[in-house]
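Heads up: the sequence lines are chains A and B, in that order. Numbered by our numbering, the letters in the first sequence go through residues 1 to 331 in order. Numbered by our numbering, the letters in the second sequence go through residues 1 to 341 in order.
Hint data in this document are derived by calculation from the structure and do not stem from the laboratory. It is possible that part of the hints are untrue.
Stated by the list, open to error - Derived DEER-like restraints, expressed as beta-carbon distance ranges:
1. A:Asn282 with B:Asp84: 55 to 61 Å
2. A:Phe21 with B:Val123: 26 to 32 Å
3. B:Val123 with A:Glu8: 46 to 52 Å
4. A:His146 with B:Tyr169: 43 to 49 Å
5. A:Asp298 with B:Ala220: 33 to 39 Å
6. B:Leu340 with A:Pro107: 48 to 54 Å
7. A:Gln122 with B:Ala262: 49 to 55 Å
8. B:Val283 with A:Arg108: 37 to 43 Å
9. A:Arg108 with B:Arg139: 33 to 39 Å
10. A:Arg18 with B:Met117: 33 to 39 Å
11. B:Gln168 with A:Gly129: 52 to 58 Å
12. A:Glu269 with B:Asp161: 53 to 59 Å
13. A:Ser285 with B:Arg139: 32 to 38 Å
14. B:Ala220 with A:Gly264: 18 to 24 Å
As the list claims (entries may be wrong) - Covered stretches of chain B (in silico footprint by chain A; criterion: 3 or more residues with CB under 8 Å from a CB of chain A, positions within the stretch not fixed):
15. 75 to 89
16. 210 to 220
17. 247 to 261
18. 322 to 333
On a predicted model such as this, the values are computed, not experimentally measured, just so you know. Virtual Cβ for every residue (Gly too), placed ideally from N, Cα, C.
Below, each chain spelled out in residue letters.
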Amino acid sequence: MTSLLKVEGLHKHFPIRRGVFRRQVGEIRAVDGVDLEIDTGETLSLVGESGCGKSTTGRLLVRLLEPTAGKILFEGADLATLSQRELRAKRQAFQIMFQDPYASLSPRMTVQEIVAEPLRVQGRYADGGPDRVRELLELVGLRPEHSRRYAHEFSGGQRQRIGLARALALDPRLLVLDEPVSALDVSVQAQVINQLRGLQDRLGLAYVFISHNLSVVRHISHRVAVMYLGSIVETGTRADIFSAPTHPYTQALLSAIPVPDPAGRDERERITLAGDVPSPSNPPSGCRFRTRCWKAQDVCAEEAPALIDRIGVGHPSACHFPEVPATVGGA
Amino acid sequence: MSDGMLATDRSYAESVNNGPLLRVDGLSVDFHTEDGVVHAVSDVSLNVHAGQIVAVVGESGSGKTVTAMSVLRLLPKSAEVMADAIAFRGTDLQAMSPAELRKVRGGPVGMIFQDPMTALNPVMTVGAQVAEAVLLHQRKPDKKAAWARAVELLRLVGVPDPAQRVKQYPHEFSGGMRQRAMIAMAIANDPDLIIADEPTTALDVTIQAQVLALLKKAQAETGAATILITHDLGVVAELADAVVVMYAGRVVETGGVQELFANPRHPYTKGLLASLPRMDVEVDQLDPIPGNPPNMADPPAGCAFHPRCPLARARCETERPLLRDVGAGRRSACHFSEELA
């Protein structure tokens, strides 16, 4: 059986141009060799810090950006080789929802118009469009009378629901969710997370969930890929990543999360990484994490570690010296 | 009592001054907008004792930032601030002239703002800004000494290669480094109180961990009390001694951090904790608070939380609960907080 989405050797390099003639003086390797696979009905989370390439990857997956290199196979068809017309037809099956509920909805359109737009673009509005919009609003927990209002009349959580209704309008099989709850207050964030899970169960959707919030990722994912400076450093099931992380970056990331339980705060062991993420225009040689890694040896500067399972834990990690820690983060 | 004694022994000083380091009593802040008057903060009281970290927690629009900003009169002109008392070391800050208040800001009271990109001056080097913070509070301004102190301060907050970095501009600093520079300015004059408004919200989690560790260290070394304004209960649990929970412009619960997390006595606090996805506990379904935070231009009558509250009854719709003692140094503004005990 082929997977819903399969990505091989994905690269996206942005040129850096300077001077009067806009000569290219370098490039930012935002995504640098990413492989992914997603099955129907599952949630794969892409996690990492700002600049790790997770959002760029998300945009590449739905072809909002042209990849520099690499293959994106959606239900077996290579998106790069499709004609414009074929791509447009295929696009109905994969949609994206953005982070900022304030910037991603047009202030001049009513909710009805916003949710109907994808149907119109695909020529599907004439056939029962208004009913479909009503059904979608209901699906995401908005009332039909909301449809005549404008986005600014809604709170952040309600706006994310409008964005979700729009993304669901064409019955997609894959949704890319780019930080869908990061802009929301905690009490509202939980509502949207529960809703996303409920919709997945009902509609059999696959999610690519892009987030920097590991607590949310742990709650919602089936599988997780941890990114650092444009590549995946470790990937596995939720249990693999959260209970048996072998890459030092994953371990540091997990231990850095503040736990909302003051009782054990003085006993908790914490890995504090030194320094900042290096610039993706001039990444370190060999392993990209080595400049912040406490385990780094000479080999790390010379040879980039492949993403493989070196110690037989059942999931791959891109580290020359992988190790399952005795205790992990808040567990 | 000699000054030296006061400086070396703060808790002793406090007992002599007979009161907390900062006392805010009955603070209300109104904003006059096109849509009418918005009561951003109503009747908020809080005490900060020497060396204590007090977290003010709430969601957007809860009034937590406005509360903190009104202490140093940092609000825009459209804000109308009324308070029975805003006393720092026993002196009423409200009665101070703008010139006197400038001596307090950045001197005995340091500030750390949320967004270090907009809080720093983009056309001044970082060193010049840190040195300025030092210079403004020197009796005899000495530029050379201030510059040396700036380098020392940046080293203290963990900026690598500070002698070179002082000559750089804020855009040459990463987010975490900018926040370190802000902290350097806040602790430049050995403050007694630091007001930190969402100090780690704009940062990545590994950088947040660095900055939280630094804040802890700065607090331990300077002994300064801290007001930590945040929406992140994880950060509160890591750092705070005492917690003030705000909702719709009012304090709904206060208490020590351990008790408050272990046994919340207000349904809003309880709901917030239940809606958090957590690293340390596995749950199948999150338990969100239904509905949305209130529109502050038109807040609900009675208890502002009643439309979202599982305990709400007819009484809550008409009668606003007062903040009252519920035992063990805890206070809650709920008619039915006993049901949560």
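Structure-based check of each hint:
1. The hint said 55 to 61 Å for the Cβ distance between A:Asn282 and B:Asp84, and at roughly 57 Å that hint holds.
2. Distance hint check: the CB atoms of A:Phe21 and B:Val123 are about 29 Å apart, consistent with the given range 26 to 32 Å.
3. For B:Val123 and A:Glu8, the hinted distance range of 46 to 52 Å is satisfied, since their beta carbons lie about 47 Å from each other.
4. About 47 Å separates the C-beta atoms of A:His146 and B:Tyr169, a value consistent with the hinted range of 43 to 49 Å.
5. The hinted window of 33 to 39 Å between A:Asp298 and B:Ala220 holds, with their beta carbons roughly 38 Å apart.
6. Our hint of 48 to 54 Å for B:Leu340 and A:Pro107 is violated, since their Cβ atoms are close to 42 Å apart.
7. Checked against the hint of 49 to 55 Å, the C-beta distance between A:Gln122 and B:Ala262 comes to roughly 53 Å, which is consistent with it.
8. At about 41 Å, the CB distance of B:Val283 to A:Arg108 agrees with the hint of 37 to 43 Å.
9. Evaluation of the 33 to 39 Å hint for A:Arg108 and B:Arg139 yields a failure: the beta carbon distance comes to about 58 Å.
10. Restraint check, A:Arg18 to B:Met117: a C-beta distance of roughly 23 Å breaks the suggested window 33 to 39 Å.
11. The hinted window of 52 to 58 Å between B:Gln168 and A:Gly129 holds, with their beta carbons roughly 56 Å apart.
12. Checking the proposed 53 to 59 Å range against A:Glu269 and B:Asp161 shows it is violated: the Cβ atoms sit about 29 Å from each other.
13. Checked against the hint of 32 to 38 Å, the C-beta distance between A:Ser285 and B:Arg139 comes to roughly 52 Å, which is inconsistent with it.
14. B:Ala220 and A:Gly264 have their C-beta atoms about 19 Å apart, which keeps the hinted 18 to 24 Å range intact.
15. Counting residues of the region 75 to 89 of chain B whose C-beta lies closer than 8 Å to any C-beta of chain A gives 0; at least three are required, and the coverage claim is violated.
16. Restraint check on the region 210 to 220 of chain B versus chain A: 3 residues with Cβ-Cβ distances below 8 Å, three needed, restraint holds.
17. Under a criterion of three residues with beta carbons nearer than 8 Å to beta carbons of chain A, the stated coverage of the region 247 to 261 of chain B is upheld, 3 such residues being counted.
18. Here's how the region 322 to 333 of chain B fares: 0 of its residues keep a CB closer than 8 Å to some CB of chain A, so the rule of at least three is not met and the hint is violated.
Violated hints, listed in ascending order, are 6, 9, 10, 12, 13, 15, 18; each of the other numbered hints is respected by the structure.
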